[in-house]
Amino acid sequence: MTNFVILPILIPLLTGIILLFFPKKVTFQKVLSFIASVLLVIVSVMLVFQVHNNGIQTLELGGWQPPFGIVLVADMLAILLVSTTSIVSLAVLLYSFYSIDAEREKYYYYPFFQFLITGVVGAFLTGDIFNLFVFFEVMLIASYILIVHGGTKVQLRESFKYVLVNVISSALFVAGVAYLYAVAGTLNMAHLSERIGSLETQAPILTVIAVLFLIVFGLKGALFPLYFWLPASYAAPPSAIAAIFGALLTKVGIYSIFRTYSVVFVHDTGYTHQILAVLAALTMIFGVVGAVAHQDVKKILVYNVIVAVGFVLFGVSTLTEEGFMGAIFYLMHDMVIKGALFLLIGAMVVVAGTSHLKDMGGLIKHHAQLGWMFFTAVMALVGIPPLSGFIGKLLLVQGGVSAGQYWIVAAMMVSSLLVLYSMIRIFLNGFYGKIQLEHANQYGSTKGLLLPSAILIAVSAGIGLGAEMLYPFVATAAETLLHPEIYIDAVLKE
Amino acid sequence: MLTALHIAIVAPFIAAVFVPFLYKKLPKIHTGWFVLTIPAILFVYFLQYLPVTSSKQTVTAVWDWIPSLGIHFTAHVDGLGLLFALLITGIGMLVVLYSIYYLSKEREALNNFYTFLLMFMGAMLGVVLSDNLIVLYTFWEITSLSSFLLISYWYEREKSRYGALKSMLITVMGGFSMLVGFVMLYAMTGTFSIQEIIASAGDITSHDLFIPAMLTILLGAFTKSAQFPFHIWLPDAMEAPTPVSAYLHSATMVKAGIYLVARLSPVFAFSGEWMWIVAGFGIVTLFWGSFSAVQQTDLKGILAFSTVSQLGMILSMLGVGAAAIHFDSMDDNLYIGATTAAIFHLINHATFKGSLFMMAGIVDHETGTRDIRRLGGLMTVMPITFTIAVIGSFSMAGLPPFNGFLSKEMFFTAMVDITSFQAFNMDSFGVLFPVVAWVASIFTFIYSMMLVFKTFTGKMQPEKLDVKPHEAPFGMLLSPIILVSLVIVFGFFPNILAYTVIEPAMASILPSLLGEGEQFYVDIYFWHGWTIELYMTMGVIGIGTLLYLSLRKWVAVYDVFPSSLTLNHIYDQTVAGVEKVSSQLTGAYMTSSIRHYLLYIFSFFVVALVFVLFNKDAFSVDGATAPISVYEGVLAAVLVTTALVVMFTRSRLKAIIGLGVLGYTIALFFVIFRAPDLALTQLIIETVSVALFLLCFYHLPQISRKLENMRFRAGNFIVSLAVGLTVTLIGISANSSRLFESIAGFFPEASYDEAGGKNMVNVILVDFRGFDTLLEILVLAIAAAGIFTMIKLRLAGRNDL
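Chains as they are written, first to last, in my numbering: chain A, 74 to 567; chain B, 13 to 813.
Think of the hints as simulated: they come from the structure by calculation, not from any bench.
Quantities reported herein were computed from a predicted structural model and do not represent experimental measurements.
Interface residues of chain A toward chain B, partial, derived using beta-carbon atoms under 10 Å: (1) R177; (2) A283; (3) V361.
C-beta atoms are modelled at their ideal positions from N, C-alpha and C, and glycine is treated no differently.
Let's have the full structure, built from the sequences with the hints guiding it.
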């Protein structure tokens with residue numbers, strides 16, 4: 074047990090609270106947020122090594138033994154995702170400094186940002202399903218505010234839908250928790266895992282509850298056919314906020330499915346995981362179809378968020394070591410590269426003055442750096458080696474082949490190709506082509522907007538080229554998920 | 013470990029990084045001069061491996077990339093790899109030299125051009141010198157990317173972008189497919205190393221994944237090497253600057269597919285499917301490419317289809333060459349000749365096609381057009397270019413004494429010989445091979461003649477040209493002159509290649525035939541006697557000449573094919589169709605109406621859960637269901653009634669009061685179920701929220717009079733009822749199947765003994781689960797700040813970017 078585990082939650086939480094008291098001191102807000110974000114990166118990475126050296130780290134809050142109290146569990150999966158979150162949030166924060174307008178900054182933008190991170194990080198670290206619900210609430214309430222923050226017309230319209238869908242999914246979440254508690258008598262995930270793993274008889278009701286949780290988390294994670302709320306609402310807020318949403322929020326839903334479908338609901342995998350596999354395949358296809366359908370650069374990118382959901386969950390559904398590792402690699406990759414792409418698209422829209430592809434052209438003439446960074450990020454997204462997307466994709470294909478899911482592997486490849494098509498169109502028509510605007514007429518500058526994306530692209534290349542260094546961590550994470558005993562032993566210490 | 017070999021492969025990438033810098037800092041010197049050193053040094057470097065590979069040695073150097081996943085950057089030099097490495101660096105050197113004169117340093121963005129070109133060079137070296145399939149795939153995709161960037165080099169041109177996109181979509185599609193094939197090979201053999209896979213090739217032929225792996229990998233090879241029907245990207249790739257066409261799209265990149273087929277022959281070639289598919293696609297491509305080339309009017313268009321056709325020819329030889337593997341050794345093995353011919357022609361093609369592309373570039377550069385309808389009579393003004401064209405074209409047409417004649421003869425031999433192969437129906441249907449090969453060669457002859465005579469003979473038409481043509485500067489002529497010299501040298505002395513290059517490469521393709529210390533017998537010579545091949549060549553020349561002279565009379569044949577059936581049209585329709593269908597499909601359900609979205613979500617919720625509930629037979633009511641008392645019945649009735657009132661009332665006031673009643677009734681339920689804390693909380697919340705609603709009510713506009721139609725409301729009613737029922741059914745089932753004892757038993761005693769509190773609910777809230785409570789308070793704080801922000805901060809009318 075170590076208090077260290079709570080630090081990634083406490084840092085953004087306390088920072089947010091302090092910042093609430095100094096709304097008008099923008100410089101102070103920036104400095105403190107920056108320090109907190111850097112600190113979060115350091116602490117998370119340190120935790121990765123601690124988990125690597127000493128095994129799963131837990132913290133029993135209030136000293137109450139699980140399953141009676143709440144326990145925080147930093148296993149490798151959780152802490153890897155926390156670390157990735159911290160890096161992405163640091164980059165987005167830097168981008169915010171140059172892109173969020175002064176009025177927004179004076180109205181608690183930075184505290185809300187920190188609270189959002191609190192929710193995301195907490196959701197990864199908790200070992201209790203009800204506490205997961207609470208962290209979801211923290212994350213969601215912060216996201217409600219951020220999506221409407223500034224109160225422009227499109228924001229008001231889209232935030233209403235966003236809030237409504239999420240309130241409903243929260244209600245279903247609570248119902249699911251109640252059912253689970255009725256059947257299994259506990260809400261601690263390790264305890265649930267132990268109990269459900271020890272079942273000798275069929276437990277059909279658990280299968281129903283598993284599917285209910287799939288729906289609940291699928292609503293958050295944008296699984297087919299539950300993602301309808303996502304495209305418009307993610308395209309509404311300013312780019313920095315959209316980047317955080319696109320890079321992190323859906324990932325919490327995916328993570329929750331990953332966690333519950335590997336540690337908790339493993340009693341009837343032939344049934345539940347086949348459902349997951351089919352939904353994952355449909356998610357990829359419908360997601361990419363949406364991306365191809367649009368001519369608005371923000372929308373194209375937003376639909377690509379959905380495709381990644383399908384990729385990761387397909388890996389989860391295979392229940393193989395390669396599939397799990399692929400899912401983890403891909404999840405981390407996607408957080409980084411979606412963050413980068415949202416920021417780059419944001420900068421692109423700033424200089425073009427429009428998000429409509431038909432009105433753009435020749436941007437590369439004056440914004441070569443932006444253009445080539447975008448190109449590189451697209452290649453990473455598509456999974457062109459040696460960038461980050463490739464390792465995940467390779468492992469996912471391996472997992473799919475060893476699970477015999479050839480059709481879904483084929484669907485994955487077709488979606489990848491269409492992802493490429495949807496994104497390269499932006500490059501060909503936006504950056505290439507005839508110049509629409511001479512430099513003097515362009516709407517804004519990219520000052521300060523490129524560095525954050527550059528950091529993220531460098532991280533992406535690092536994940537790809539340095540995959541060997543990351544491998545032992547990812548392998549440990551996958552191992553824990555494939556063998557829940559490790560998790561159970563660490564938490565319940567029997 | 014990192015070795016000089018690895019450095020050689022990545023050297024072009026490293027150099028690419030410095031190109032923009034040199035371009036900027038030294039604008040006086042054409043950047044190409046710096047770039048030229050890279051292929052020159054590498055060419056010399058690779059030459060020193062010739063003695064190694066010709067003595068059947070291989071060099072392998074391993075540099076770990078992701079060893080945990082079996083991915084090593086293993087550089088492997090053998091006969092086949094070295095042949096390609098020499099082609100890449102050798103032709104690369106000539107192309108860079110040519111480009112220095114072709115691309116003006118004043119007008120062109122040379123930094124981009126040479127960066128992409130070096131990227132390509134490195135990637136291509138990586139493809140042919142990597143033993144690890146994943147590393148090979150990595151470089152393979154980078155060649156596709158750099159090809160994309162080079163085709164779209166003049167990015168303001170619509171056609172450049174079109175061609176770039178087309179080539180990328182088709183070759184990357186093949187790449188993805190190939191990756192799946194590689195993973196399947198891994199699944200069968202447990203390794204990504206090509207040499208190790210070859211070693212275990214015998215064990216996998218009956219594996220279920222053997223054929224799928226073969227097909228997916230071949231798709232990669234065929235798309236890259238522009239085989240019918242995937243060849244359509246290559247003609248459009250001609251939008252690239254001509255040095256690029258000469259380098260990537262004729263001499264090197266398009267041969268990556270051929271390389272892969274040759275490289276993996278030892279793995280797959282034993283199966284009849286391989287032989288038929290490779291040889292079949294090759295021969296069809298050979299025919300279709302040559303047939304289509306005759307129709308072209310653009311010099312580069314002719315050369316593009318000619319390249320397609322020649323690639324098909326090489327591939328068909330590799331395909332029939334697979335027959336040799338069915339014998340244990342090379343004694344009396346008739347079919348080895350096909351492989352020899354494939355390798356030899358691969359080299360020959362690089363020489364004559366490279367020179368022809370450069371010739372086309374020179375004509376374009378000096379006359380301003382490549383359209384043969386506008387050209388003619390250039391022989392006198394451009395004598396050197398004319399000579400280059402004659403040598404290149406005659407070699408391509410298979411005329412003596414050039415190298416193309418030799419390999420064409422060997423090709424005919426291979427095609428005739430295969431009809432005697434006693435397996436896979438080669439002895440019956442196989443007769444198609446020599447027939448198609450012969451017909452295709454006639455067309456090859458025709459377009460080769462067109463290249464020379466339409467451009468250089470006849471009457472000059474200066475009125476159709478924008479500039480006055482003159483001979484190109486010497487620097488630009490140098491590279492094609494070197495290439496045509498090779499055409500002649502290889503024609504007269506083919507055997508200088510025999511044991512240095514061709515035989516070692518054959519050893520890589522057909523390793524199973526060689527015993528310890530053995531080598532293939534390679535002897536290439538002009539005169540074979542009065543054989544069938546010679547008659548075939550004479551027929552080609554005779555009929556070809558007749559057809560060329562009467563071209564105008566029968567060219568209408570091409571109009572027979574309706575344009576809606578061409579492959580290009582199908583590609584365009586597919587791309588447009590995918591976009592259109594996507595648009596329609598997405599537009600159909602993404603209505604941006606929250607009511608629709610909720611309808612989908614709830615419908616899915618109900619259908620999925622009810623299906624699983626009954627499909628898994630999970631529904632049960634056998635547990636202890638509590639008796640329903642009169643009070644509860646009454647309260648339930650009140651709940652239902654008020655809920656209905658809220659829904660159907662047209663007055664906002666009534667709706668608010670209804671909601672209040674609903675809340676209070678729930679509070680009463682809590683009272684009955686003996687949860688006073690909850691009842692109190694619920695009462696407070698209801699009171700506050702009703703009061704707030706009433707306060708706001710004053711400011712709200714009148715409720716809309718518009719009534720939804722009955723069908724809509726009935727639909728919603730059914731859905732909401734179904735959701736309620738589903739939740740209830742699962743609730744009852746969950747309650748009746750309590751599988752484990754609840755942990756709740758712990759709390760009553762622990763609250764008092766350990767936590768020191770008498771009210772268990774309070775202790776849970778503030779102690780056992782105090783963390784939850786803390787966060788819930790946070791939620792309230794965020795909400796409060798958020799509402800404050802919403803009210804105060806209104807960037808109304810602002811359109812955010």
